[in-house]
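Protein chains: 2
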Amino acid sequence: MPAFIADAASADNVPVHIVAIRGEADRDIERFPHTWIKWGEVGKVFTALDKNGCNDLVIIGGVSRPDFKNVRIDLGALKALPFLLSLSKGGDDHILSRIVRFFEQKGYRVHGAGDVLPELLVPEGTLTRRSPSAGDEADMALAFEVVRTLGKLDIGQAAVVSNGYVLAVEAAEGTDAMLERCAAIKQEGRSHGTGTGVLVKAPKPGQEERVDMPTIGPETMLKAAEAGLSGVAVAAQHVLIADYNRTIQIANERKLFLYGAPWGETEA
Amino acid sequence: MPAFIADAASADNVPVHIVAIRGEADRDIERFPHTWIKWGEVGKVFTALDKNGCNDLVIIGGVSRPDFKNVRIDLGALKALPFLLSLSKGGDDHILSRIVRFFEQKGYRVHGAGDVLPELLVPEGTLTRRSPSAGDEADMALAFEVVRTLGKLDIGQAAVVSNGYVLAVEAAEGTDAMLERCAAIKQEGRSHGTGTGVLVKAPKPGQEERVDMPTIGPETMLKAAEAGLSGVAVAAQHVLIADYNRTIQIANERKLFLYGAPWGETEA
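These protein sequences, in sequence, are chains F and V.
Heads up, the first sequence is in the UniProt record's numbering, so the first residue is 1 and it goes up one at a time.
Heads up, the second sequence is in the UniProt record's numbering, so the first residue is 1 and it goes up one at a time.
In short, the hints are calculated from the structure, not lab data.
Hints may contain errors.
Not the full set, but computed from the structure, chain V residues with beta-carbon under 8 Å of chain F [stated by the list, open to error]:
hint: 1; residue: Val14
hint: 2; residue: Leu84
hint: 3; residue: Ile155
hint: 4; residue: Tyr165
hint: 5; residue: Val166
hint: 6; residue: Arg181
hint: 7; residue: Gln187
hint: 8; residue: Ile248
Some chain F residues flagged as far from chain V (calculated, every beta-carbon gap over 10 Å) [claimed, not checked]:
hint: 9; residue: Phe4
hint: 10; residue: Ala25
hint: 11; residue: Val45
hint: 12; residue: Thr149
hint: 13; residue: Ala168
Glycine residues also receive a C-beta, built at the ideal position from the N, C-alpha and C atoms.
Put together the whole structure using the sequences plus the hints.
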């Protein structure tokens with residue numbers, strides 16, 4: 001995702017500098033001006049931003065809990081210690097909102113990936129050759145209701161419904177792991193038939209979308225196919241798509257649909 | 001579970017006959033008077049019940065979706081075809097309620113395992129050497145809230161919360177698979193610290209408890225230990241425990257707590 005954003009920004013002649021966390025970011029960010037940091041090197045982050053004249057930030061979320069074995073506390077971290085300690089409780093979303101505020105309080109402007117690159121947002125409507133059937137739409141409606149309900153409890157952003165039956169609900173494991181679970185359930189013969197079912201993904205209410213917008217990509221589509229689903233439906237304009245062309249290509253090859261569902265501001 | 005119930009019934013001098021589905025029930029039920037049937041042999045079920053003078057039934061739920069490759073339709077199934085077809089839609093709970101009504105309409109009395117063997121129900125309070133801490137109680141409260149909320153959508157009966165963070169929510173995969181997932185999340189370093197966290201299990205509102213009461217047992221406790229949890233909390237009097245002694249023994253060995261939380265009738 002960082003590489004996609006950097007590519008798109010460069011195509012618009014916007015200079016970028018990537019501050020990447022060791023063990024989290026992919027090595028391919030090194031194609032761009034970059035600074036590697038370890039968990040805890042808070043001071044180094046600000047040094048890199050100031051040295052490179054960065055005032056506008058896009059924070060790519062979705063990291064695992066910090067790798068506590070590889071933390072390197074620097075002076076900046078010590079200064080920020082009360083803030084860092086306050087991060088250790090609660091779900092993802094409070095942490096991310098507080099991280100955004102932390103940077104804003106220091107004078108930086110924080111943007112969402114969707115703000116700087118609206119072409120990465122999944123638009124409304126069917127984006128593939130296959131469209132959702134009436135049965136798919138019923139499954140979709142239930143799955144969105146599940147996600148909306150769970151979102152209030154600050155849980156995951158995705159669910160899979162097949163033939164009116166909720167197969168899986170995402171929490172800490174991530175969408176890929178959830179889809180692999182659905183493939184296993186299908187193999188054990190515990191689903192309501194193969195070739196049917198919808199993965200739905202949407203933001204949690206109050207989610208800090210600038211940092212942690214739900215994302216789908218080629219992997220999502222491949223795993224949805226392996227899980228025997230009919231397709232994927234996401235909250236239009238509130239979900240990012242990594243590698244749009246490849247994702248649609250896989251969907252069409254595997255005969256899955258990708259649908260952007262209208263998602264009102266009242267949902268947020 | 002069927003064997004436990006049959007053992008307990010026999011200890012009370014209540015004669016039993018087990019009608020078991022091939023591929024679903026464990027072979028150890030053969031210690032008791034029994035009849036094996038295949039999926040679809042509805043007529044054979046009633047023949048077995050009548051031949052053995054059975055008017056009171058305990059239906060043990062928790063089977064996977066029928067193994068459609070091994071179905072053998074008999075005359076009884078043909079007669080019941082409208083009913084069987086109506087079962088193919090919707091979540092577990094409607095199916096189980098309708099199965100109970102199906103038998104009741106034919107004059108059988110359907111009992112819950114907890115009705116005939118109240119000693120199998122998890123009582124209120126702490127059942128182990130270890131008790132829940134204040135942090136455990138906070139995790140427990142959130143997990144029960146998650147289960148209550150999901151239960152309204154007819155989803156799973158269990159959730160795992162660690163340090164205020166919802167690690168996992170059960171849907172179609174079952175509690176064991178969910179706990180294995182939590183162990184994996186712990187290994188990836190994505191949980192909020194090891195040795196803490198609570199598995200909570202409770203019935204869904206409106207759940208047909210006579211057929212499908214949530215169950216825990218030695219496996220649950222072992223997997224909870226592997227997932228690095230502090231303990232297990234269940235809705236007292238509404239969750240069955242298979243092999244009470246072994247479950248408590250494992251909990252004490254692994255230093256986990258087992259707690260029966262008061263569960264009001266208003267929850268149902």
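Subject >> Cut-off 8 Å, beta-carbon criterion: hint that V/Arg181 touches chain F >> reply: 5 Å, holds
Original post:
Is F/Phe4 truly not at the interface, in the sense that its beta carbon sits beyond 10 Å from all beta carbons of chain V?
Top reply: 24 Å, holds
**OP:** Test the statement that F/Ala168 is away from the interface with chain V: the closest C-beta pair must be farther apart than 10 Å.
**Re:** 5 Å, violated
Subject >> V/Ile155 as an interface hint toward chain F, with CB separation required under 8 Å >> reply: 5 Å, holds
Original post:
Is the interface hint for V/Ile248 satisfied, with its Cβ closer than 8 Å to some Cβ of chain F?
Top reply: 28 Å, violated
**OP:** With a cut-off of 8 Å on the beta carbons, see whether V/Leu84 makes it to chain F.
**Re:** 14 Å, violated
Original post:
At a threshold of 8 Å, is the proposed contact between V/Val166 and chain F supported by beta-carbon distances?
Top reply: 5 Å, holds
Subject >> Hint validity - V/Tyr165 Cβ closer than 8 Å to any chain F Cβ >> reply: The hint holds - V/Tyr165 has a Cβ within 8 Å of chain F, the shortest such distance being about 5 Å.
**OP:** Identify whether the interface hint at V/Gln187 stands, where standing means a beta carbon of chain F within less than 8 Å of its own.
**Re:** Since chain F brings no Cβ nearer than about 11 Å to V/Gln187, farther than 8 Å, the hint is violated.
**OP:** Taking the shortest Cβ-to-Cβ distance between F/Ala25 and chain V, state whether it exceeds 10 Å.
**Re:** It holds; F/Ala25 is separated from chain V by about 16 Å at its closest Cβ, greater than 10 Å.
Original post:
Was the hint right that V/Val14 lines chain F, CB cutoff 8 Å?
Top reply: Check failed: Cβ of V/Val14 comes no nearer than 33 Å to chain F, outside 8 Å.
Original post:
Any Cβ of chain V at or closer than 10 Å to F/Thr149, or is the non-interface label fine?
Top reply: For F/Thr149, whose nearest Cβ neighbour in chain V is about 6 Å away, the distance does not exceed 10 Å, so it is violated.
Violation of the numbered hints given earlier is confined to hints 1, 2, 7, 8, 12 and 13; the remaining hints are satisfied by the structure.
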